[in-house]
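If you want the building blocks of each chain, they are given just below.
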Amino acid sequence: MSGGSRLRQVLESGAFAVTCEIGPPKGALVNTLREKARLVRDYVHAANVTDCQTAVVHLSSIAAAVHLQSEGVEAVAQMTCRDRNRIAIQSDLLGAYSLGIGNLLCLTGDHQRFGNHPQAKNVFDLDSIQLVDMVRGMQDEGLFQCGEPIRAGAPQFFLGAVANPFADPFEFRVLRLEKKVNAGARFIQTQSVFDLERFRRFMEMVRARGLHHRCYILPGVSPVRSIRAVEYIRDRVPGLTIPDQIVERMRAATDPAREGVEIALELIAGLREIEGVAGVHIMAIAWEQVIPELVQRAGLGSKL
Amino acid sequence: MIVAEQKSFKEIVEYLRGKYDLLIVPCMSCTAVCFAGGVQQGEELASALRIHCKMHGDGLNCTVRPVTRQCDPEFIEELTGEVAQADSILSLACGVGVQFLAERYPDKAVIPALNTSFAGGKTAPGIWEERCSLCGNCVLHVTGGICPITRCAKGLLNGPCGGSEQGRCEIDPNLPCAWQLIINRMNGLGRLEELLAFQCPKDWSTGNAGGLRRLVREDLRLK
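Taken in order, these protein sequences are the chains called H and G.
Once you know that position 221 of the first sequence is 221 in our numbering, the rest is easy, because the numbers rise by one and skip nothing.
Once you know that position 82 of the second sequence is 82 in our numbering, the rest is easy, because the numbers rise by one and skip nothing.
If you're looking for bench data, these hints aren't it; they were derived computationally from the structure.
Here a beta-carbon is modelled for each residue, glycine too, at the ideal position from N, C-alpha and C.
Any given hint could turn out to be false.
What the hints assert, rightly or not - Residues from chain H that keep clear of chain G, each with C-beta distances beyond 10 Å, as calculated: (1) Arg82; (2) Gln145; (3) Gly239.
What the hints assert, rightly or not - Only some residues are given here: those of chain G computed to face chain H with a beta carbon under 10 Å: (4) Gly121; (5) Pro160; (6) Glu165.
Use the sequences and the hints to build the structure in full.
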């Protein structure tokens with residue numbers, strides 16, 4: 001039995017937390033993954049490892065999390081509902097906890113239509129809220145989902161879920177967040193914020209329901225380094241929009257990567273001002289190298 | 001109803017290679033209503049096969065004999081005479097009808113002419129849509145009469161995923177997001193807050209995850 005979460009300690013202390021996302025490799029070679037881990041080690045409190053994001057086969061989240069932790073980076077394992085039923089999920093989570101993983105993020109998962117095996121049969125035995133509730137039951141009540149007691153050691157993850165304030169219907173997004181919190185989510189990482197105004201309105205609704213007192217909210221920030229990346233996110237990522245103003249800035253920039261960093265820094269500064277924001281979650285997709293600079297220049301402190 | 005569509009003519013011809021006396025059996029229930037396996041489609045298929053065989057010099061004798069419902073042993077019993085004359089049967093029923101024929105006439109090759117698509121209905125002329133996944137444990141009373149198991153691409157029970165955008169499903173912009181429909185409807189009924197209630201993991205054992213399903217009604221059985 002192992003585990004434990006520094007991320008939880010940081011958030012409970014009231015400090016502004018920084019997490020990032022690291023995508024596992026599309027193969028069994030982990031030297032690049034370990035390099036990325038060393039790169040961000042001194043700059044983030046924890047790093048998420050995705051679970052076959054966009055339904056493309058990657059090295060497993062739990063295995064990647066173990067690699068990260070052996071490089072000294074606290075991992076947040078991700079678990080989706082797309083590929084495993086309740087039996088496999090519970091089994092893998094026991095395994096993850098036994099290997100020292102202390103943070104877990106629960107998601108529904110991207111539909112396989114978007115991935116590299118669109119002919120696959122999906123599972124969705126549970127949805128993300130049922131997944132959160134199941135893990136909470138394993139931890140708090142010591143019960144498997146079926147109601148049988150876990151006699152050989154229940155896991156104790158710091159349990160998180162996601163929210164997308166930019167998907168529709170907007171008004172329901174906060175209710176869905178509340179369902180996740182009710183189910184047992186202690187921290188929430190959001191989809192990337194580009195539209196700060198909409199995120200502010202979302203947080204107003206969050207505060208109106210008192211949810212910021214019941215969970216730690218870490219909005220997502222994605223630095224973008226080219227106009228192509230911006231257009232891809234705007235046009236191809238479901239449930240995500242980018243305001244015209246940002247698109248125009250990136251289009252007009254002589255050094256788009258620099259401009260992308262500036263925009264990300266402005267977003268982080270804006271997010272820190274919002275009551276109820278407990279940290280940021282940096283998703284620098286295929287651009288992890290920028291994370292140390294972002295963290296330092298945002299004044300989030302280097303060694304944490 | 002069961003919605004089905006005809007396999008390609010090329011595929012059907014492939015399955016009929018080496019057959020001589022073919023009994024084509026339309027079904028006058030669901031598959032006739034969705035214009036896939038009714039009498040008209042059976043006759044058209046027979047004509048097309050006759051022309052094809054004439055052109056290719058194959059000797060295939062086609063007889064068309066519709067039945068009222070192929071999923072009912074009483075009706076397929078009526079085929080006994082025609083079946084005796086045939087070496088194979090081409091069924092224009094859903095997968096249920098094909099299997100009932102195969103069970104009743106075990107010494108004949110029974111070939112499906114249709115792909116069975118889903119349980120649904122006609123939403124506009126020429127358009128059919130799925131409505132029910134036959135999960136055996138209906139939740140429509142909590143979701144405003146709109147089935148998220150069938151109509152949400154992920155079958156979510158606790159609200160929309162993060163891919164719902166302007167009322168459209170993330171996997172296909174031509175499909176409405178089922179949860180947007182549910183929320184609109186519950187909102188209209190003044191019942192939106194009800195959707196805050198946690199829907200616990202579904203018992204899929206009443207669906208096909210539980211193995212072959214069988215319904216027994218003691219009150220209807222022959223004593």
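Numbers of unmet hints, in rising order: 1, 2, 3 and 4
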